[in-house]
Amino acid sequence: MTNQNIPMTTPVKPWTFDDYTNSYIRRAASTGIYDIRGGGAKRRVPHFDDLLFLGASMSRYPLEGYREKCDTKVKLGTRFAKNPIELDIPITIAGMSFGALSGQAKEAIGRGASAAGTSTTTGDGGMTPEERGHSSKLVYQYLPSRYGMNPDDLRKADAIEIVVGQGAKPGGGGMLLGQKISDRVAEMRNLPKGIDQRSACRHPDWTGPDDLEIKILELREITGWRIPIYVKIGGARPYFDTTLAIKAGADVVVLDGMQGGTAATQDVFIEHVGQPTLACIRPAVRALQELGMHRKVQLVLSGGIRTGADVAKALALGADAVSIGTAALIALGDNDPKLENEYNELGTTAGAYDDWHEGRDPAGITTQDPELSARLDPKTAGRRLENYLKVMTLEAQTIARACGKNHILNLEPEDLCALTIEAAAMAEIPLSGTTWIPGKTEM
Amino acid sequence: METIDLTTCTLRELNDRLQRQSEVTNENQWEVLNPKGAHAIAVGLNAPLEVLIKGSTGYYCAGMNQKAEIIVQGSVGPGVCENMMSGSVCIEGDASQYAGATGQGGLLTIKGNAASRCGISMKGINIVVYGNIGHMSAFMGQSGNLVVLGDAGDALGDSLYEARLFVRGKVSSLGADCIEKEMKQKHLDILQDLLTKSGADADVRDFKRYGSARKLYNFDIDNAGDY
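Line by line, the protein sequences give chains A and B. Mapping of the first sequence onto the numbering used here: position 360 corresponds to residue 355, and the numbering continues sequentially without gaps. Every number in the numbering used here is 55 more than the matching position in the second sequence, counting from 1.
Same shape as in the complex, but just chain A (with noise of 0.2 Å):
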């Protein structure tokens, strides 16, 4: 037999080193940097799709579909607070910059969230007149970069939310590349055109809960104890850091697993740092349990929320209310299909596209050049956004009513069971078929 004839095996690639690894590696050696990119962790990770409802049979009667009512108001910053914020739905916006999205976009939000009935949230760089004007409830992020921080746009919020961490880089800071400083990004930022901006990792003037209580206190004082204060952290030790913002005063606790979206930050990061967002809920709710504030102390929880389901999941589960954002861009027009030859050109696709801190964004959301920016209609996009979020509660209340709920926030771990044995472990759910939650039951 010649060499010729001899059978040969298919050709194998290592799983060690797929071609994803090994196009990481050719860059690392060609550019000598790690990479930075937004949005949140792309990893398959336990998530809300892994639940499911039980619904209604003999032993629990559902509501009558559009008939019978079905609440879905919510009340946030009940706790100290004079002027809770009052929401139509437990949907709420996460905060995203001016700076790292357009005007354009930030005014989208506004519209998109009002006309729904929530609110939105600044991000780092500070609040602009017309994010203040476009959104009827606006919660103003307090961050350890505190650009554009200030009093008179403080006591223009509706709530201040203290940022210690978010779910993509719990423990890290951020950075807006210097193409997107723009002269107004500049200007609010006092910082020089061009220069890459870094954000802290670390409030400035304070270290630690105790601290934190006294700060809180500051902001109370400067507010008049109006306004609600949230503290929001990432998804690292929920349990404790939970516990911990509740010791400090905060009203509202927001909780960010690590598929919630950040403007840039090193892919290692957003991948390899942080809890999935399914893992976090249950530890911080018995956090707020344990200390007889669940339901006073409200816990908003984000990371990867993208249907009624995961609402309704979401809040099963205890969280008072979700807050999106990376899906509040995809509403608004991010990674659209019908953009797929200008990703191509920018070497991704539709879908994929997560370069946000470059400013080239062809959807006209990331990005401050000024021919990009206004290809967003903010009134066309704000729309899409309130169409989206009236989707999202039409469908919790579905299964809200499915589950015999007059109230959405009356929905309970109880009606709940979980496709695996991961999401049963993390979301404290029994196993589909059985009554076993791993590591709280026996099989």
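Among the hints, a few may not be true.
Claimed, not checked - Lysine-lysine pairs mimicking DSBU-like chemistry, simulated, CA-CA at most 35 Å apart:
| no. | chain 1 | residue 1 | chain 2 | residue 2 |
| --- | --- | --- | --- | --- |
| 1 | B | K109 | A | K242 |
| 2 | A | K151 | A | K374 |
| 3 | B | K166 | B | K241 |
| 4 | B | K263 | A | K188 |
| 5 | B | K225 | B | K122 |
| 6 | B | K241 | A | K188 |
| 7 | B | K91 | A | K188 |
| 8 | B | K225 | A | K188 |
| 9 | A | K242 | B | K91 |
| 10 | A | K64 | A | K291 |
| 11 | A | K188 | B | K239 |
What the hints assert, rightly or not - Chain B is nowhere near these chain A residues, computed Cβ spacing over 12 Å in every case:
| no. | residue |
| --- | --- |
| 12 | G50 |
| 13 | D206 |
| 14 | G428 |
Stated by the list, open to error - Examples of chain B residues lying across from chain A (beta carbon under 7 Å, computed):
| no. | residue |
| --- | --- |
| 15 | N70 |
| 16 | A95 |
| 17 | V98 |
| 18 | Y115 |
| 19 | G118 |
| 20 | M119 |
| 21 | E137 |
| 22 | C145 |
| 23 | Y153 |
| 24 | A156 |
| 25 | I175 |
| 26 | K178 |
| 27 | Q197 |
| 28 | F274 |
In short, the hints are calculated from the structure, not lab data. Idealized CB from N, CA, C, for every residue including glycine.
We have chain A; now place chain B onto it with these hints.
This is chain B only, laid out in the frame that chain A set:
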């Protein structure tokens, strides 16, 4: 002169009365007795008041001040004048950590010493310290001026942007991207103006100026060791 005694008046009542004053108030002179280290005294003021605090205070005294002139006859805890926008604040004693943090305007005078991170992330405030300052002062300072008549601790001006640092005494060490720079006439003028406004008795010729080398403004892998 309005007098508020914090042994008989709550912090909320104090701040509420001060915050209610308008630009044209007749009640523009205030005296605060028995602060006893309380936190958040005279925060969020937004009128040209004269406030005399007779004693030492806790955290965030005069936080986010706008327009008011505040004198503390004692020492202050962490974060005095944090994010101050305008006005002037004079501390007759010492200041703890983060004095003037992220301040955007106004003048903070500390007649004693200031602890670590004085002027951290300063964004336009002017700070004059008669004594010494601790480590990591002016970290990520963006703009404004920090004048130190005494010595500066380790890592002065680490990751500095455009803030100007003037030190008369010894500097333990400079932080990343912070260098000594030439003292030009315009800097001498700025320094003299601040010394005069703060009442400090010093000769501008005895100071050295420090600022950013601007090597870390845009990320360069060959500077990674400096981060």
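For each hint, the structure was consulted:
no.: 1; hint: B:K109 <-> A:K242; result: holds (32 Å)
no.: 2; hint: A:K151 <-> A:K374; result: holds (24 Å)
no.: 3; hint: B:K166 <-> B:K241; result: holds (25 Å)
no.: 4; hint: B:K263 <-> A:K188; result: holds (28 Å)
no.: 5; hint: B:K225 <-> B:K122; result: holds (34 Å)
no.: 6; hint: B:K241 <-> A:K188; result: holds (23 Å)
no.: 7; hint: B:K91 <-> A:K188; result: violated (45 Å)
no.: 8; hint: B:K225 <-> A:K188; result: holds (33 Å)
no.: 9; hint: A:K242 <-> B:K91; result: holds (24 Å)
no.: 10; hint: A:K64 <-> A:K291; result: holds (24 Å)
no.: 11; hint: A:K188 <-> B:K239; result: holds (24 Å)
no.: 12; hint: G50; result: holds (50 Å)
no.: 13; hint: D206; result: violated (7 Å)
no.: 14; hint: G428; result: holds (52 Å)
no.: 15; hint: N70; result: holds (5 Å)
no.: 16; hint: A95; result: holds (4 Å)
no.: 17; hint: V98; result: holds (5 Å)
no.: 18; hint: Y115; result: holds (4 Å)
no.: 19; hint: G118; result: holds (5 Å)
no.: 20; hint: M119; result: holds (4 Å)
no.: 21; hint: E137; result: holds (5 Å)
no.: 22; hint: C145; result: violated (20 Å)
no.: 23; hint: Y153; result: holds (4 Å)
no.: 24; hint: A156; result: holds (4 Å)
no.: 25; hint: I175; result: holds (4 Å)
no.: 26; hint: K178; result: holds (5 Å)
no.: 27; hint: Q197; result: holds (5 Å)
no.: 28; hint: F274; result: holds (6 Å)
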